[in-house]
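Asks: This is what each chain is made of:
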Amino acid sequence: SAVISQKPSRDICQRGTSLTIQCQVDSQVTMMFWYRQQPGQSLTLIATANQGSEATYESGFVIDKFPISRPNLTFSTLTVSNMSPEDSSIYLCSVGGQGLNTQYFGPGTRLTVL
Amino acid sequence: QKEVEQNSGPLSVPEGAIASLNCTYSDRVSQSFFWYRQYSGKSPELIMSIYSNGDKEDGRFTAQLNKASQYVSLLIRDSQPSDSATYLCAVNQKSSTLGRLYFGRGTQLTVWP
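Going down the list, the sequences are from chains A and B. Once you know that position 33 of the first sequence is 357 in the numbering used here, the rest is easy, because the numbers rise by one and skip nothing. Once you know that position 36 of the second sequence is 483 in the numbering used here, the rest is easy, because the numbers rise by one and skip nothing.
No lab work stands behind these hints: they were computed from the structure. From a predicted model like this one, the values you see are computed outputs, not experimental measurements. Beta carbons are placed, not taken as given, at the ideal position from N, Cα and C, and that holds for glycine. Check before you lean on any hint, since a few could be wrong.
Claimed, not checked - Cβ pair distances, simulated, as ranges:
1) B:Trp559 to A:Val327: 45 to 51 Å
2) B:Asn513 to A:Val327: 32 to 38 Å
3) A:Gly364 to B:Gly501: 44 to 50 Å
4) A:Asn406 to B:Ala464: 27 to 33 Å
5) B:Asp502 to A:Thr354: 36 to 42 Å
6) A:Gln365 to B:Gly463: 16 to 22 Å
7) B:Gly488 to A:Thr354: 26 to 32 Å
8) A:Leu438 to B:Asn454: 32 to 38 Å
Unchecked claim - Footprint (simulated), chain B over chain A, 3 or more residues, beta carbon under 8 Å:
9) 334-340
10) 397-406
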């Protein structure tokens, strides 16, 4: 398994600002994923981040709005840019890939945009 | 388009009963199947995985897989109020190297005392 931490655990932000969420894993992992989960809804994949390559974004998500970094095999960041109240959600980091039998999730970051 | 379908529920069962959660998937080449449990306000946690047809038991949980019918289920025996959560079905196409998982919308389970 993998132990994942996320920072911050929660934040309240003003419209138009940006927030960077950090995801740290206790071991090297091939694949890292960023999800969004709005209240009462299921998981929505934002993008897949592989070390050494550009992130792959899902339909409806663009790099300008959600830039992602993956500088090494244990760390990734997701930035939510130019935020609006519609971005209020829980953002989850997940890891998977070679050596892991499934995906494991971080504790999430609860974001509220006023 | 890879789709994973679950009954959204809510499913409500009395304590001690068997809760049955169902999931169907559209991609016939899917090879790995998972059930996650998500308590309110928490992140998903893996509770069962199954890779071959048949049943797999782990304590009070039994996962059932039928690849011909593209159907996977989770049975919870002797349901407890602490089992009240949303259960997510997840499917992966690759069996050896885990790629992306495709998640269902989840079934909300309530176990009442």
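Asks: Does the hinted range 32 to 38 Å hold for Asn513 of chain B and Val327 of chain A at CB?
Replies: holds, 34 Å
Asks: Can you tell me whether the CB distance of Asp502 of chain B to Thr354 of chain A sits inside 36 to 42 Å?
Replies: Violated - the Cβ-Cβ distance for Asp502 of chain B and Thr354 of chain A, about 31 Å, lies outside 36 to 42 Å.
Asks: Holds or violated: the 32 to 38 Å window for the beta-carbon distance between Leu438 of chain A and Asn454 of chain B?
Replies: For Leu438 of chain A and Asn454 of chain B the Cβ distance comes to about 36 Å; the hint holds.
Asks: Count residues of the segment 334-340 of chain A with a Cβ under 8 Å from any Cβ of chain B, then say if the count reaches three.
Replies: violated (count 0)
Asks: Does the beta carbon distance between Gly488 of chain B and Thr354 of chain A stay inside 26 to 32 Å, or does it fall outside?
Replies: Holds - the Cβ-Cβ distance for Gly488 of chain B and Thr354 of chain A, about 29 Å, lies within 26 to 32 Å.
Asks: Tell me if chain B covers the segment 397-406 of chain A under the three-residue, 8 Å CB rule, please?
Replies: Coverage by chain B is violated for the segment 397-406 of chain A (0 residues, Cβ < 8 Å).
Asks: Between the beta carbons of Trp559 of chain B and Val327 of chain A, is the distance compatible with 45 to 51 Å?
Replies: Violated: the Cβ-Cβ distance is about 34 Å, outside 45 to 51 Å.
Asks: 27 to 33 Å was suggested as the range; check whether the CB atoms of Asn406 of chain A and Ala464 of chain B agree with it.
Replies: violated, 49 Å
Asks: Can you let me know if the beta-carbon spacing of Gly364 of chain A and Gly501 of chain B is within 44 to 50 Å?
Replies: violated, 34 Å
Asks: For the pair Gln365 of chain A and Gly463 of chain B, does the Cβ-Cβ distance stay inside 16 to 22 Å?
Replies: Given about 31 Å between the Cβ atoms, the range is violated.
Checked against the numbered hints given earlier, the structure breaks hints 1, 3, 4, 5, 6, 9 and 10 and satisfies all the rest.
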